[in-house]
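Participant: For reference, the chains in residue letters:
There are 4 protein chains.
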Amino acid sequence: MSKVNVNKVVVAYSGGLDTSVIIPWLKENYDCEVVAFVADVGQGEEELQGIEEKAKASGASSCYIADLKEEMVADYIFPTLKTGACYEGKYLLGTSMARPIIAKAQVEVARKVGADALCHGCTGKGNDQIRFEGAFAALAPDLHVIAPWREWDLVSREECLDYLAERNIPCTASLTKIYSRDANAWHISTEGGVLEETWNAPNDDCWAWTVSPEQAPDQAETVTIKVENGEVTEVNGEKLTPYDALVNLNEKGVKHGIGRIDIVENRLVGMKSRGCYETPGGTIIMEALRAVEQLVLDKAAFEFREELGIKASHLVYDGRWFTPLCRSILAASDELAKDVNGEVVIKLYKGQATVIQKRSDNSLYSEEFATFGEDEVYDQSHAGGFIRLYSLSSRIRALNELKK
Amino acid sequence: MSKVNVNKVVVAYSGGLDTSVIIPWLKENYDCEVVAFVADVGQGEEELQGIEEKAKASGASSCYIADLKEEMVADYIFPTLKTGACYEGKYLLGTSMARPIIAKAQVEVARKVGADALCHGCTGKGNDQIRFEGAFAALAPDLHVIAPWREWDLVSREECLDYLAERNIPCTASLTKIYSRDANAWHISTEGGVLEETWNAPNDDCWAWTVSPEQAPDQAETVTIKVENGEVTEVNGEKLTPYDALVNLNEKGVKHGIGRIDIVENRLVGMKSRGCYETPGGTIIMEALRAVEQLVLDKAAFEFREELGIKASHLVYDGRWFTPLCRSILAASDELAKDVNGEVVIKLYKGQATVIQKRSDNSLYSEEFATFGEDEVYDQSHAGGFIRLYSLSSRIRALNELKK
Amino acid sequence: MSKVNVNKVVVAYSGGLDTSVIIPWLKENYDCEVVAFVADVGQGEEELQGIEEKAKASGASSCYIADLKEEMVADYIFPTLKTGACYEGKYLLGTSMARPIIAKAQVEVARKVGADALCHGCTGKGNDQIRFEGAFAALAPDLHVIAPWREWDLVSREECLDYLAERNIPCTASLTKIYSRDANAWHISTEGGVLEETWNAPNDDCWAWTVSPEQAPDQAETVTIKVENGEVTEVNGEKLTPYDALVNLNEKGVKHGIGRIDIVENRLVGMKSRGCYETPGGTIIMEALRAVEQLVLDKAAFEFREELGIKASHLVYDGRWFTPLCRSILAASDELAKDVNGEVVIKLYKGQATVIQKRSDNSLYSEEFATFGEDEVYDQSHAGGFIRLYSLSSRIRALNELKK
Amino acid sequence: MSKVNVNKVVVAYSGGLDTSVIIPWLKENYDCEVVAFVADVGQGEEELQGIEEKAKASGASSCYIADLKEEMVADYIFPTLKTGACYEGKYLLGTSMARPIIAKAQVEVARKVGADALCHGCTGKGNDQIRFEGAFAALAPDLHVIAPWREWDLVSREECLDYLAERNIPCTASLTKIYSRDANAWHISTEGGVLEETWNAPNDDCWAWTVSPEQAPDQAETVTIKVENGEVTEVNGEKLTPYDALVNLNEKGVKHGIGRIDIVENRLVGMKSRGCYETPGGTIIMEALRAVEQLVLDKAAFEFREELGIKASHLVYDGRWFTPLCRSILAASDELAKDVNGEVVIKLYKGQATVIQKRSDNSLYSEEFATFGEDEVYDQSHAGGFIRLYSLSSRIRALNELKK
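Residue numbers (the numbering used here), protein chains in the order written: chain A, 1 to 404; chain B, 1 to 404; chain C, 1 to 404; chain D, 1 to 404.
Hints listed in this document are in silico derivations from the structure and should not be mistaken for laboratory results. From a predicted model like this one, the values you see are computed outputs, not experimental measurements. Where is the CB? At the ideal position from N, CA and C, for every residue including glycine. Some clues are possibly wrong.
Restricting the straight-line Cα-Cα distance to at most 20 Å, the calculated cross-link-like pairs of lysine to any residue (SDA-like) are [stated by the list, open to error]:
hint: 1; chain 1: B; residue 1: K403; chain 2: A; residue 2: L402
hint: 2; chain 1: D; residue 1: K404; chain 2: A; residue 2: E368
hint: 3; chain 1: B; residue 1: K404; chain 2: C; residue 2: E368
hint: 4; chain 1: B; residue 1: K403; chain 2: C; residue 2: S366
hint: 5; chain 1: C; residue 1: K27; chain 2: C; residue 2: W209
hint: 6; chain 1: C; residue 1: K90; chain 2: D; residue 2: K404
hint: 7; chain 1: A; residue 1: K404; chain 2: D; residue 2: E46
hint: 8; chain 1: C; residue 1: K403; chain 2: B; residue 2: P141
hint: 9; chain 1: D; residue 1: K338; chain 2: B; residue 2: A331
hint: 10; chain 1: A; residue 1: K338; chain 2: D; residue 2: F322
hint: 11; chain 1: A; residue 1: K112; chain 2: A; residue 2: V223
hint: 12; chain 1: B; residue 1: K112; chain 2: A; residue 2: L402
hint: 13; chain 1: C; residue 1: K177; chain 2: D; residue 2: F322
hint: 14; chain 1: A; residue 1: K404; chain 2: B; residue 2: P141
hint: 15; chain 1: C; residue 1: K404; chain 2: D; residue 2: F322
Residues from chain A shown here face chain B by an in silico Cβ test under 7 Å; the list is partial [as the list claims (entries may be wrong)]:
hint: 16; residue: E88
hint: 17; residue: G134
hint: 18; residue: P141
hint: 19; residue: K177
hint: 20; residue: W209
hint: 21; residue: P213
hint: 22; residue: Q215
hint: 23; residue: Y349
hint: 24; residue: G351
hint: 25; residue: Q380
hint: 26; residue: G384
hint: 27; residue: S391
Between the sequences and the hints, there should be enough to build the whole structure, so can you do that?
Facilitator: Here it is in structure tokens:
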């Protein structure tokens, strides 16, 4: 593949080893100006500290930093949560949900600086390349996309470090790194090392944020969460922005060892990978939302919400956020979420978040109806007719069989 | 509704207060012979002790007891588990799965004794009436069905006790019973009492089998489970029948407080109810099966299995076991389960069953493919083409927009 | 069942035999004032002529007539069409879509006149009773519902006619009526008579509106339809309201024998029925919409639209219009329909409506991409990578098998 | 991409221009022995005449011809029809269903002759490359795959003809070919030419098999089809093999202009294409099967069959025949098809196949139940209870709203 002509490229820059190499590599291989773009999605101060200087030291002509934290939680995470999406039954999509907003903000910078290309530092074996490029295709089909990991010959950290050293670009990255990690406000993922063999249990050091259930407090803690239109609006009586609510619940979750999962998942590129994910606050929020849904969604609506969850989990995982199908799914779940208002009390204890109390003004539960006495709304004699018709086709079919 | 003419009725008899009243009530109101049928589905020795005598003392002409334990686990529970069914995201369908096999065995007794009617002791507000009568419609559409709770005027335990006392029928049932419970080898359910208000947390006495996470051992325990064709065949290296495997895992689960859930669910009859369910061994088994599936099912197969699980959860909950649709769903999941072979190690600790190791000869996971180096099967340059085509419709659509 | 106390009831009045009997029957049996409500949903002038006088002659204290034609097409039919709903693969839901709007307008009259009950004339074996009462439950749960056909003893036309004669209520209904029919702007349905045996072919007189294909013109006619946001806005270049567009296309369809179907369908009450339906304009519209979708929906969106169509067909058929689930489905399809803009030419010939030309500014079809030459957007070498990853899990699975 | 080492390759050979070029091209570019494989899937005698000699004249060392006609209909088409699959609502999957069996037979030849590579002549923009290579991945992951159209530089018929002329390989192919066609026993597809612009109506010469409705007989013809287990077993009282039944119905369909469709469809590779397909006998068979289903499938089973149809349509179209998911779907539809037994009479007239009579011993339709009189099985008073419970959640929800 011959290289395309590029004048100015915006690269999604993290400050890590890979993207530090990418900047000089782009300049050398594409003979173009390189603009660094840094997305603050809550990955933490440590990663962001001095990042503009670092980018420039690597050769970037400028560095744009966008604070996407509130927008990510409000416009990407909360809508996804309304669908109930949980990939392959376990994964709360932490990395997947962050990619579209990063890509979108990156495109905005590209438009602003008049770039003609976009670049990301994702490897050629993972999902993130698809998520970035899927967003680019939908938002900036006219811009070139450069994916250095699919182009260059560098195959080890050592080679990357050598590459920088040869060019006198300072880098504090260590030669060895056991795990590959990705963090944002919602979660941190850990892959590699001991996890590469599925028969190995995760080590203690596979977990980056949460304490182990064994080390969590012996005393349970409860937290009260208010839910409005399928979104968390208060924690323990305090009105909070979406991001602040998440941060608050992360702290509690981390302390009690909440939200660890260890799964083998199907990547979109056709292979499986194994990862450990920590989603402390998110796990608590999911429990809260599902509990309010238990009160307010009728049987058919609940079943559809479950189906939407499966569909959304694949769409979000597969990087299809900016597609008509994803918008359609989100419109459906948003409609259902209009009833999802209420309050829950969740007990946090040694790795588990358990809803113990719940209530809602929209609750379809009624003590009066559910118990065994008489009531106005439900006449037990109705059940006879209901069952008769409900099972009528079975009866007719069985009568046919008897006749044969 | 005028009463039908009945000569001999087979009643599903539990030995409890309700069905003890039903026997004399049937004789008085239908002027017919009453045959008691007791299903042993693992509800425990206590309930079964002396039950034949009790049935006869209540007026039954005879009492048939059927040991359905192995058949229930092998032919009803295991097939359901292959679908991944979990009603409304939480409930492992313990009561639902037992009803069809009880009804089927009851019909068999009815055929044997030449009965012309079937009777159950379910209330007119619950799901069980539908599950029994749905099975009856499919298996014995020619037999009458009598549902005393929808016919008689008795509305309290006190009235039921008086009814028996007036007829000198001995009964050890107490006047007050806080909770309504249903147990079998798979689970025990608890409804009523404090649970009737969703804002009340469950009391300690809401839980019948399991210790609380707080009282569970401070030391975790691991258990190794072998899975063949989607079914548990060995526990800790010991080959066990389906029922024995369940009993074995129940013991472990009970000890570690595994498998408690507290939910508000949609009953089929249109109302919601709140229940606490304990499924200790079942929860462990579900984790084991899902973990092997993580290794062996490809992305599309996994997604379909999730969809089958939702559908099956409703079918089983709704008493549609003996329908063409249910058979179709089970045929589909059985086909997928042919690959579900492997071994998992599960850690039990304070209420949680966590898979920490897993392996399978059918595993689609390969360390070689998943890691970042080169390999024979996966060429990173393929990803560029994949992504381009994968996102092609997004690109075309976006190019259209640019043109406008 | 003891009768409820009712002061004033609003009855859905058609002017036919059944509802003419219902008015005096209600007054006699409920000792209440009866208000007639007539919905004009395009059933035709003949049925509406002099209907107010007729209602009053039957004993109604007043008669409200609501023209619902435009609203029905715009707010009930068009949204349903966006989902692609076609019940059991054939039925375009003509009767089903009209029921919710009639029930809603009836409730509005009840509120206006301060009624405390609602009444419909649907039989106890059909779907319409559920559609009416489903709407009443959602819109007026506080009002009583009276369904005379499930209460009274009249079982034949003769008895109904006698009932009116005894009371000197004039009625022009004939003693025998071969077919049971229901008409509105969208369709006319025919049941009964020769159709009751599925092995009988429909007679010529089973069809009320359309000519037979044999009698249709030997010369084909074409019609051009403009579609905007999934709705028909122009016919042959003329801007038309939804209702007028339907009327226009009905005329053309009737002339060419378009839109006849003859099916056995599953009623919600558990039995099957056989009906002949004529939907001349509707069939043309469906073809037009599906053709534009072919141009603008991507593969995944198209598949979801098909799934929405199945779900919506059941929801609409089952009378679940005013439910959160239905609103959610409609929100999803409405989102997809935003791209459904374009123009089609349809050929009408002897029973068939065939799209022969189609175009759209949103078309994802591009001659340039689809043909075999080179282009900017699609590089054939991409396909190799795509296929490799697309089939990777098959390859890994097969390699596993080879190893065994 | 450097070329792989290949000793002996089996090429799917059609005798057309493309595959005639491929044989010498493979020998020159891979320096290997080339074995031709010809699949007889009912494409017609013309294409097969003298094909062995032609293959050898092009340089093939040997030529294997496999008669797959009966197997294709029995094991690929009939199972697909049980799902009701119809891609994007229109396309009966004629080309898609043939590809897996051709690929499978090709692999069998490769094993027999000890080949180490497989080759097909599909272009890099279509679906067939994926169908072939998807099958190869599942059945022969150890063999190399060569797709010349993605490798070579030939881009026109002229260049292909020159290529052969330079090598003195005889070829009767013409320089210009307006349409691209693919035929087998089930269908013939036509692409290209005037069809490349969607606003063009198809020309008369776009249709290869069927007469136009206008030219079809003015007299309708009826045909009686017997269906057993979802498969056609008799036509007009004559027991026929699957393939013979298809041939018989093709003749009738061709004569009456049955089975023409003209659609724009989504290819799996992300672009749309436009094609005209003729499936004369298949269209008649689909009508027959769907009609019997109307009689025997209950509401829930019918809905699931519709869902299976959508899923299967994508799986078959996308070349996923040999996957666990496809097997699972087919197992589900096969289970439902066990009830699909019956007989239908279909009227063929000017482009339309219309079922006018149908019956089945498994029919759930009963005149007795469906009409308005009393019966044993259905008591109209049951409907009241049914509706009450069916709409209970709507009622509770609406009562909540009233309270607010």
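Participant: Please write out, lowest number first, the hints stated earlier that are contradicted by the structure.
Facilitator: 1, 5, 6, 7, 8, 10, 11, 13, 19, 20, 22
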